[in-house]
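Just so you know, the protein sequences line up as chains E and P, in that order. Position one of the first sequence corresponds to residue 1 (our numbering), numbered consecutively onward. Position one of the second sequence corresponds to residue 1 (our numbering), numbered consecutively onward.
Honestly, the hints are just simulated from the structure, not real lab data. Heads up, some of the hints might be wrong.
[Said to hold, decoys possible] With the C-beta cut set under 7 angstroms, the calculated list includes, among others, these residues of chain P facing chain E:
#1 Ala246
#2 Glu249
#3 Asp250
#4 Ala253
#5 Ser255
#6 Met256
#7 Met257
#8 Val259
#9 Pro260
[Unchecked claim] Computed list of lysine to any residue pairs in SDA-like fashion (alpha-carbon distance at most 20 angstroms, straight line):
#10 P:Lys207 with P:Ile35
#11 E:Lys76 with P:Pro260
#12 E:Lys52 with P:Pro260
These figures come from a predicted structure and were not determined experimentally. All C-beta atoms, glycine included, are put in the ideal place defined by N, C-alpha and C.
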Amino acid sequence: MLKIDNLEVAYGNIKAIKGISLEVNEGEIVTLIGSNGAGKSTTLRAISGLLKPRSGSITFMGERIDGLEGHDVVKKGICHSPEGRRIFPRMTVDENLDLGAFLRNDKDAIAADKERVLELFPRLRERITQKSGTMSGGEQQMLAVGRALMGQPKLLILDEPSMGLAPVLVDLIFETIQKINQQGTTILLVEQNALAALSVAQRAYVLESGVIKMSGNAKDLQSDPEVTKAYLGG
Amino acid sequence: MAISLLKRSKTSGKKKQKSPASARQWAISLTIVAIAIWAFFTYLFDKTPDAVQAWFQVWLPPSTLNESLVWVICALGLNIVVGYAGLLDLGFVAFWAFGGYAAGWFMSGFFHQVNIHFGSMSANTIPGIHLSFWLVMVIAALIAGFFGIIIGAPTLRLKSDYLALVTLGFGEIIPQVFTNGENIGGFNLSNGTKGISPIDAIGVFGKRLGPFDLGWKFLIYFFLAACMVFVSLRIRGGRLGRAWLAIREDELAASMMGVPLMRTKLTAYAVGAFSGGIGGAVYATHVNGIFAERFNFSISIILLAMVVLGGMGNVWGVIVGALLMAWINATGLPAVGDTFNNTFHTQINFPSYNFLLFGGILVLMMLFKRDGLLPEARLKMISHENDDDTSNTGGH
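Same shape as in the complex, but just chain E (with noise of 0.2 angstroms):
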C-alpha cells in the first residue's frame, strides 16, 4: 500500500534521513520505532507532504505521491494524526471532528464516521460541546485520532499518540489503535513506548539516526536481545 524506497530527507545540509526504504501492506499495522531524535516524525511529514524528500520516492496505492502538497496528500488517503496532537484548541469538539472531514462532502458517510468515532472513544461524545483546548491531554490525544479518522483514510498515520499519557489511557488508547485496525484501516504507528508499538502491530521497524537499523515481525523484534536492550529497557 505505502512503499518508501530510499527516502532522504534533509533540514538544510543535516541529513535526518539518510536514505531508508520501508513498506506497509494493506490491512496491516506497521511500528516505527526509535529513540528521540531518530527521525521517525521526519519520515512520517516526508509521506504527509510537509517536508520535500530530498532524494527517493514515496509511493501511496502504486502512486508517486513525494512533492505532493500537504492537502493533496490528505485527499489521497494518508490522515496524519501529528506529534503534540495539535488539534484546534479554541474549537469544540465537534467542529475540530468536522474539520477533520473537511475535503468530504458525503454528509451522511461524515455523520456516519463522527458517530463511529464517538463510540470508539465514549469520552469525546462526553465533551462533544466543549473547547477541545481546556481537554485533558489523554481527551486531547483521542480528538487527535478520532479527527484523523474522520478523513476517512486508508492509510492512518499516528505520531507518538502515546506521549505524555498515564499508563492506564496508554493501554486504551493501543487498545482503540487495534480495534481501528480490525475495523479495516492500515495503520503506522511511530512510537517511543517501543514495547506498547511492538505488542500491537505486526511488522516493525527500527529507526536510529536517519537509517532503518532492523526490521520485521513485531514479535521477533519484542524478544530480540538488541531491540531489548536499546528500548524495552531489559
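Based on the hints, put chain P in the right spot on chain E.
Coordinates of chain P only, in the frame set by chain E:
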C-alpha cells in the same frame, strides 16, 4: 445512550435557533439606527432649533457618520484577512488607494481624451469616463482584488512576520506610485499630488447625489456596509470560513486536515482586498475626489487598530471598533480638544495627538483585553459557528 443522544441534539437544536437570533438582533438594531439617522438628517435636521444643529455640527456631523461607514467597510475587509485567517496585513491602504483611483478614473473627467458614458448621471457632453457608481464599485473591487492576488501569491508563502513586512512595503509603494504617477512614460496615471477631483455624483433611481446629499449617501454607504456584514457572516459560517479559522489556529494541523494552505490564504487576502477596493471607491465619492497624500501608512494602522479594538474575527465588534475610532479620529478628538481649550484657555492641538491615543489604546487592549471590546459576542460567534458547522455536515 439513545436518550442522551436525543437530549443532546435537542439542546444543540435550541442553541442553533438562539445564536443566529443574536446576529439577527444585531442586524436589525443597526438597521433601525441607520434608518433613524438617515431620516433625522434628511427630513428633521433643518427643522430642529439652531442650538441642536450646532451641537450636531460639533459632535456628530453627518460627514463623520458617512466617513465612519467607509471605515466600517474597510475594517470588515481587513477583519477577514487578520481576524478570520490570522494573516497580519500592514498594507491595507494599498487596496483603499486602488479602489479610490478606480473611482477617480471611471467616475470623473480625468481621462478627458475620451468621452465614455454609461449609467452615469453626468451630462453626456462632459468628456472623460463616466460610469455608474455601482459598476465602478465592481471595477474597483476587481482591480483591488486582482492586485491582492498578485501581491499575495508570492508573499503568502512567507511566515507571518515576513508577510507583515512585505505588506507594509506594498502599502508604502502603491501610494508612492500614485503620488508620482503624473507622468509614467508620458501617461498621466494619477494626476500626482494634485489628485483627481471632482468625482461624479452617485446616481440612484434617477436621483443625483451630490456632495451635499449626505443623508442619502449615508443610506447607500450603509447598504454597502450591510452587504459586507452579510458576506462576512455567510463566508464565516461556511466551508471557507472554517478553513480560515483552522489556519488561524494551527496552519500545520489545518494542512493535515486537507486545507489547501496557499489557496485558502490567498482567498482571504483577495476577499480582503476586494472589500478594500469597494471602501476606497466609496471614500472617493465621500470626499468627492482622490488625493494621493491621504493614502498613508496611518490608514493601515488605524484599520488594524479598529479590528483589534473591536475584537478580531467578530463582525459586530469590528463594526463597533471602526465606528468608535472613526468618530474619535474625525470628530471626537477635535471636539473634545476645542471644548477643553475653550474651558481652560489652553492652546493644545488635540488632533495631533491622535496616534498617541490610538497607540495607547492598542497597548492597553493588548495588556488588559486582548480579545477586544466585544469578547462575549466573540464567544457567542464561536458557538454560532459550531451550529453552522453541524448543520453543514448534516449532523442534525
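- Item | Structure versus earlier hints - violations, ascending order | Result: no hint breaks.
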